[in-house]
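Quick note: to get the numbering used here, add 673 to the position in the sequence shown (first position is 1).
Wrong hints could be hidden among the right ones.
Stated by the list, open to error - Calculated pairs, EDC-like style, for lysine to aspartate or glutamate (alpha carbon to alpha carbon, straight line, at most 20 Å): (1) LYS696 x ASP680; (2) LYS696 x ASP681; (3) LYS696 x GLU677.
Honestly, the hints are just simulated from the structure, not real lab data.
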Amino acid sequence: MSTEHIDDVSGISTTGHEWDGIKELNNPLPRWWVITFYITIAWAIGYTIAYPAWPMLSSATRGVLGYS
Numbered sequence: 674m675s676t677e678h679i680d681d682v683s684g685i686s687t688t689g690h691e692w693d694g695i696k697e698l699n700n701p702l703p704r705w706w707v708i709t710f711y712i713t714i715a716w717a718i719g720y721t722i723a724y725p726a727w728p729m730l731s732s733a734t735r736g737v738l739g740y741s
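Work the whole structure out from these sequences, hints included.
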């Protein structure tokens, strides 16, 4: 069974990993970073649908906007 490790100095839980006496804290990513990540995924999916995306033998597939 694993137990939760708490850092003595900061009081924040750690992952249990330690290298050269440095403990890895278990901090979540900032909310703005996570939101930006999800927006980037949505943009990539939309871009793939709207513009030519998949290479074929002679040319790429036509996107929804009709570019070739």
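We went through each hint and held it up to the structure:
1. LYS696 x ASP680: holds, 8 Å
2. LYS696 x ASP681: Status holds; Cα separation ~10 Å.
3. LYS696 x GLU677: holds, 13 Å
Checked against the numbered hints given earlier, this structure breaks none of them.
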